[in-house]
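Participant: In order, the protein sequence lines correspond to chains H and W. Under our numbering, residues 1 to 153 are what the first sequence spells out, in order. Under our numbering, residues 154 to 231 are what the second sequence spells out, in order.
Worth flagging that the hints you see were computed from the coordinates, not collected in a lab. One or more hints might be untrue.
Below, a sample of chain H positions facing chain W; criterion: calculated Cβ distance under 7 Å [stated by the list, open to error]:
| # | residue |
| --- | --- |
| 1 | Thr30 |
| 2 | Phe31 |
| 3 | Gly33 |
| 4 | Gly41 |
| 5 | Arg42 |
| 6 | Val92 |
| 7 | Ile115 |
| 8 | Ile121 |
| 9 | Trp122 |
| 10 | Val135 |
Covered by chain H, per the in silico footprint, the following chain W stretches (three or more residues, Cβ under 8 Å) [what the hints assert, rightly or not]:
| # | stretch |
| --- | --- |
| 11 | 155 to 168 |
| 12 | 172 to 185 |
All C-beta atoms in this analysis are idealised placements derived from N, C-alpha and C, irrespective of residue type, glycine included.
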Amino acid sequence: MSRVAIATDAIDVGAIVDEVRGSGHGAIATFLGSVRDHSDGRAVAGLEYSAYMEMAVREMNDILHEALALAPGADIVAVHRIGKLNVGDVCVMIAVSHGHRAPAFDACRYMIEEIKKRVPIWKRERYADGSTEWVNACATSAHAAPHTAGERA
Amino acid sequence: MNLAVRVFASYADIIGSDRTTVTVPEPATVGGVRAAVAALYPALPAHPIIAVNETYATDDVAIMEGDEVAVIPPVAGG
Numbered sequence: 001m002s003r004v005a006i007a008t009d010a011i012d013v014g015a016i017v018d019e020v021r022g023s024g025h026g027a028i029a030t031f032l033g034s035v036r037d038h039s040d041g042r043a044v045a046g047l048e049y050s051a052y053m054e055m056a057v058r059e060m061n062d063i064l065h066e067a068l069a070l071a072p073g074a075d076i077v078a079v080h081r082i083g084k085l086n087v088g089d090v091c092v093m094i095a096v097s098h099g100h101r102a103p104a105f106d107a108c109r110y111m112i113e114e115i116k117k118r119v120p121i122w123k124r125e126r127y128a129d130g131s132t133e134w135v136n137a138c139a140t141s142a143h144a145a146p147h148t149a150g151e152r153a
Numbered sequence: 154m155n156l157a158v159r160v161f162a163s164y165a166d167i168i169g170s171d172r173t174t175v176t177v178p179e180p181a182t183v184g185g186v187r188a189a190v191a192a193l194y195p196a197l198p199a200h201p202i203i204a205v206n207e208t209y210a211t212d213d214v215a216i217m218e219g220d221e222v223a224v225i226p227p228v229a230g231g
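Build the full structure now, drawing on both the sequences and the hints.
Facilitator: Following this line, the structure appears as structure tokens:
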């Protein structure tokens with residue numbers, strides 16, 4: 001079974017690995033994103049993620065189906081957390097199981113790269129000095145160019 | 154056409170709200186929304202990304218009554 005989710009609670013890494021583990025799948029690739037303690041030379045105290053929830057889930061589902069086309073037969077779970085996170089918290093997790101490692105790695109990489117490019121989730125960094133700033137907010141629209149249905153196919 | 158538009162994250166901070174209403178010439182298109190948003194809020198980038206019914210949309214996409222339209226800041230997930 002494959003699925004995507006936006007979660008407001010802590011991501012249970014072990015439970016998600018167990019979810020994709022199957023007796024027919026010898027390879028399990030995982031990616032974890034975790035909140036780091038610095039950004040552009042500033043000390044980060046934490047992050048706050050927000051999402052356009054309905055669209056984020058829809059876009060993650062599109063990406064999931066594209067990844068399944070890359071790795072037919074894979075089981076894939078992708079979860080992105082939103083809300084307030086502290087340094088070291090897991091903000092995103094991808095787990096892919098497959099009969100062989102190459103498709104598992106490929107699908108895992110594809111999922112995280114496309115999630116970062118396309119899913120409408122935003123993060124605001126909270127710095128040690130108490131100030132906050134939206135990440136990537138000054139990027140031009142070309143930097144995060146929308147994928148049209150045609151480009152996605 | 155008067156159109157309700159959802160606004161998110163840094164853009165919501167800039168305009169001080171997570172929704173707004175813009176007036177778009179008919180037939181309404183995404184290009185019309187983009188121009189109307191830019192005219193109403195000069196502090197926003199001139200060519201914001203627009204989604205219609207939870208899908209990224211290019212300027213030529215038509216907008217119908219009842220469509221959900223959103224202005225999408227550059228994404229920063231992961």
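Participant: With reference to the structure, classify each hint as holding or not holding.
Facilitator: Structure-based check of each hint:
no. : hint       : in the structure
1   : Thr30      : violated (14 Å)
2   : Phe31      : violated (9 Å)
3   : Gly33      : holds (5 Å)
4   : Gly41      : violated (18 Å)
5   : Arg42      : violated (16 Å)
6   : Val92      : holds (5 Å)
7   : Ile115     : holds (6 Å)
8   : Ile121     : holds (3 Å)
9   : Trp122     : holds (4 Å)
10  : Val135     : holds (4 Å)
11  : 155 to 168 : holds (count 5)
12  : 172 to 185 : violated (count 0)
Violated hints for the displayed structure, listed by number in ascending order: 1, 2, 4, 5, 12.
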